[in-house]
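Line by line, the protein sequences are chains L and B.
Taking this note's numbering, the leading residue of the first sequence gets 5, the next gets one more, and so forth.
Taking this note's numbering, the leading residue of the second sequence gets 15, the next gets one more, and so forth.
Treat the hints as calculated values from the structure; they're not laboratory data.
Just so you know, these numbers come straight off a predicted model, no measurement behind them.
Every residue, glycine too, gets a C-beta built ideally from N, C-alpha and C.
Treat the hints with caution; some may be incorrect.
As the list claims (entries may be wrong) - Okay, the calculated bits of chain L under chain B, using three or more residues with CB under 8 Å as the criterion:
(1) 72–82
(2) 181–187
(3) 205–215
To be verified - Below 27 Å or equal to it, Euclidean Cα-Cα: the simulated BS3-like pairs (lysine-lysine) are:
(4) B:Lys142 with B:Lys126
(5) L:Lys204 with B:Lys278
(6) L:Lys204 with B:Lys198
(7) B:Lys21 with B:Lys126
(8) B:Lys129 with B:Lys31
(9) B:Lys21 with B:Lys31
(10) B:Lys142 with B:Lys117
(11) B:Lys118 with B:Lys129
(12) B:Lys278 with B:Lys260
(13) B:Lys31 with L:Lys122
(14) L:Lys204 with B:Lys129
(15) B:Lys21 with B:Lys260
(16) B:Lys191 with B:Lys129
(17) B:Lys142 with B:Lys129
(18) L:Lys204 with B:Lys142
(19) B:Lys118 with B:Lys198
(20) B:Lys260 with B:Lys191
(21) L:Lys204 with B:Lys117
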Amino acid sequence: MTAAVATAAPDKPRAVSDIGRAGKFLFWTSVVLLCAWVLVPIYLLAVNTLSSPAEVTAFPKTGVPSFDMGSIQFFLSFQGVLKALWNSVLVAVLTMALSIAIGAPAGYALSRFEFPGKATFRLLVLMTRAFPLPLLALPIAVMFIRIGLDDTPVGLALVHTTLAIPFSVLITFSIFSGIPLELEEAAWTLGCNRLQAFQKVVLPLVLPGITASAIFAFTISWNEVFAASVLTVQNRTLTAFLLQSLSVSPLHLRFAGGAALVVPALIFIFAVRKYMFAMWGIANR
Amino acid sequence: MAEIQIKGVAKSFGSFKALHSIDLTIADQEFMVLLGASGCGKTTLLRIVAGLESPTQGEVWIGGRRVDQLPPRERGIAMVFQNYAVFPHLTVYENIAFGLRMKKLPQAEVDKRVKRTAELMHIEQLLKRYSGQLSGGQRQRVAVARALAMEPDVILMDEPLSNLDALLRLEMRAELKGVLANSKTTTIYVTHDQVEAMSLADRISVMNGGRIVQAASPVEVYRNPAARFVGSFIGNPPMNFLPATKNGDGRYHVAGIALDGPSKGGSRLEFAIRPEDLAIAPGGLKATARVIEPLGAHTLVTSEVEGALFRAVLDSDIKVAPGDELSLVPKADRIRWFDPETSQAIN
Chain L
5 MTAAVATAAP
15 DKPRAVSDIG
25 RAGKFLFWTS
35 VVLLCAWVLV
45 PIYLLAVNTL
55 SSPAEVTAFP
65 KTGVPSFDMG
75 SIQFFLSFQG
85 VLKALWNSVL
95 VAVLTMALSI
105 AIGAPAGYAL
115 SRFEFPGKAT
125 FRLLVLMTRA
135 FPLPLLALPI
145 AVMFIRIGLD
155 DTPVGLALVH
165 TTLAIPFSVL
175 ITFSIFSGIP
185 LELEEAAWTL
195 GCNRLQAFQK
205 VVLPLVLPGI
215 TASAIFAFTI
225 SWNEVFAASV
235 LTVQNRTLTA
245 FLLQSLSVSP
255 LHLRFAGGAA
265 LVVPALIFIF
275 AVRKYMFAMW
285 GIANR
Chain B
15 MAEIQIKGVA
25 KSFGSFKALH
35 SIDLTIADQE
45 FMVLLGASGC
55 GKTTLLRIVA
65 GLESPTQGEV
75 WIGGRRVDQL
85 PPRERGIAMV
95 FQNYAVFPHL
105 TVYENIAFGL
115 RMKKLPQAEV
125 DKRVKRTAEL
135 MHIEQLLKRY
145 SGQLSGGQRQ
155 RVAVARALAM
165 EPDVILMDEP
175 LSNLDALLRL
185 EMRAELKGVL
195 ANSKTTTIYV
205 THDQVEAMSL
215 ADRISVMNGG
225 RIVQAASPVE
235 VYRNPAARFV
245 GSFIGNPPMN
255 FLPATKNGDG
265 RYHVAGIALD
275 GPSKGGSRLE
285 FAIRPEDLAI
295 APGGLKATAR
305 VIEPLGAHTL
315 VTSEVEGALF
325 RAVLDSDIKV
335 APGDELSLVP
345 KADRIRWFDP
355 ETSQAIN
């Protein structure tokens with residue numbers, strides 16, 4: 005048997021082109037699979053959202069949307085949807101503003117100053133993500149009820165800010181670190197004080213990155229469902245509202261709701277994709 | 015009119031003493047070069063004068079005004095950074111105008127000064143470009159123009175040429191010298207390149223280990239090093255050193271020959287001579303040639319004298335081969351002596 009194998013396959017290295025072909029096949033299969041992983045659900049969501057309610061439940065599927073706005077119209081006229089949408093936007097905008105207002109100065113301090121406990125601080129910022137939200141949600145709910153923040157957009161925005169801050173701190177940290185200190189120093193020698201140097205030199209350079217990090221905070225809040233479900237009752241955000249009502253809704257409504265959640269997040273991420281790559285590129289260093 | 019006085023300036027970073035009580039006066043319109051190896055404290059000293067670093071001790075005076083507690087913008091200085099620090103989001107024009115706009119000068123004056131300094135630095139055709147569209151040498155010109163446009167009392171330069179390639183460095187060096195001489199400002203220029211220091215400076219401060227070892231004119235620093243370090247740091251190839259012992263007759267014996275030493279010298283000294291101050295003649299130091307490097311105008315002979323490395327720059331006409339025995343006679347007036355204990359020069 006061994007002898008037979010030896011004669012059948014002499015111990016000779018395979019041609020490079022063979023390996024190249026196998027490698028190429030593996031590479032393209034992975035690419036296709038990964039793309040399908042992301043794109044197929046989005047495609048199904050899009051097709052069903054843009055089909056009439058009858059088509060959604062019908063079988064067999066055509067796979068091509070009929071561009072019937074029935075589902076969307078029904079969804080938008082559904083009791084409470086517009087209010088939930090408004091709440092979501094409100095909470096996400098508040099989260100965006102808060103996480104930049106708190107995160108950017110922290111990122112600047114981390115990149116520009118030496119202070120005791122700096123390394124610990126960087127670690128602690130990340131630690132806020134180490135506790136599972138379900139663990140924290142109940143105590144937070146109790147506390148919010150005591151101080152009257154329960155069921156308010158501000159209260160929820162505070163929780164979402166906590167979730168978004170690690171990202172905004174570390175992202176802005178890497179953005180600021182990408183600006184050479186000499187640029188600021190040059191501005192100081194040319195007549196600026198610290199604030200003016202920041203306004204005239206650092207800010208214009210970091211603004212695109214800061215915007216990207218703000219939009220990232222927006223999508224974190226927009227997509228968050230657990231804290232939103234626990235902490236709001238009357239003023240539900242869209243995610244919490246859909247979680248509550250969609251399980252008992254017809255199929256076409258669920259697709260419309262899903263699209264309403266996914267599309268804004270997709271558009272935002274698409275708009276800032278350039279900075280996302282840049283940000284992670286810097287952050288990985 | 016801006017004389018710079020540095021009085022007892024010391025700087026510590028934690029337990030590390032970067033500068034040990036520096037005293038230095040730089041005359042109005044003088045071109046002072048701070049020269050030293052990396053980590054000797056030269057950049058720290060420059061940044062203290064600029065106000066980007068605060069001294070742990072001591073005072074800095076510019077033009078009769080104490081400035082060490084003032085922020086950089088109130089010191090009447092302009093600085094050129096090693097990596098140029100040209101603002102990437104502004105055009106060359108706005109870069110040069112930046113400091114003038116901060117001073118709230120009228121637009122006509124801003125325009126006049128930008129045009130003039132741009133012309134001086136030969137970048138008038140680049141005014142509409144952004145820093146990303148410039149080469150290293152062009153950015154360097156913008157950085158210098160931006161500093162000159164401020165018409166400062168003092169220009170501080172932190173290794174401004176070190177990021178340029180060799181040919182460009184040579185060109186910019188000559189140009190900088192001309193431009194700065196005409197601008198009549200006081201200049202402090204930090205470099206680790208001794209050739210740059212020699213060619214630019216009115217006076218060189220050689221620094222080592224956070225101290226100024228010698229502050230003198232380039233020729234003085236070269237001919238009469240105040241310490242063994244200066245002799246070995248400046249000059250390429252560096253100075254040669256050999257141990258010397260005083261004999262009963264009061265003369266010093268160096269590698270088998272007797273030389274007249276300084277009157278104040280102790281029983282042991284260090285003999286020093288520049289490689290180019292040696293000639294082949296009978297009755298000199300016994301040397302064994304090891305490596306012969308013809309350099310065109312001269313030939314560099316690396317030899318061994320009593321087990322120590324000894325270099326001589328000789329006329330390229332000489333015929334030497336590795337292993338040859340040479341007799342190298344030092345020029346009597348170029349011999350220098352150092353105390354082996356303190357490393358200081360003895361006259």
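Would you check the hint for B:Lys260 and B:Lys191, treating anything up to 27 Å between C-alpha atoms as holding?
violated (46 Å)
With a cut-off of 27 Å on the C-alpha distance, tell me whether B:Lys118 and B:Lys198 pass.
Holds, at roughly 24 Å.
Can you confirm whether the C-alpha distance between B:Lys21 and B:Lys31 stays at or below 27 Å?
holds (17 Å)
Please count how many residues of the region 72–82 of chain L have a CB within 8 Å of a CB from chain B and say whether that reaches 3.
violated (count 0)
Holds or violated: B:Lys31 and L:Lys122, Cα atoms, limit 27 Å.
holds (23 Å)
Is the hinted pair B:Lys118 and B:Lys129 satisfied, with a Cα-Cα distance of at most 27 Å?
holds (17 Å)
Hinted pair, alpha-carbon criterion (27 Å max): L:Lys204, B:Lys278. Please report holds or violated.
Distance of about 62 Å is beyond 27 Å: violated.
Does the alpha-carbon distance linking B:Lys21 and B:Lys260 stay inside the 27 Å limit?
violated (40 Å)
Would you mind confirming whether the straight-line C-alpha gap from B:Lys191 to B:Lys129 stays at or under 27 Å?
holds (20 Å)
Between L:Lys204 and B:Lys117, does the CA-CA distance stay at or below 27 Å?
Holds, at roughly 14 Å.
Run the distance test for B:Lys142 versus B:Lys117: straight-line Cα separation, threshold 27 Å.
holds (22 Å)
Would you check chain B against the region 181–187 of chain L, counting CB to CB pairs closer than 8 Å, and say if three or more residues qualify?
holds (count 3)
Checked against the numbered hints above, the structure breaks hints 1, 5, 6, 7, 8, 15, 20 and satisfies the rest.
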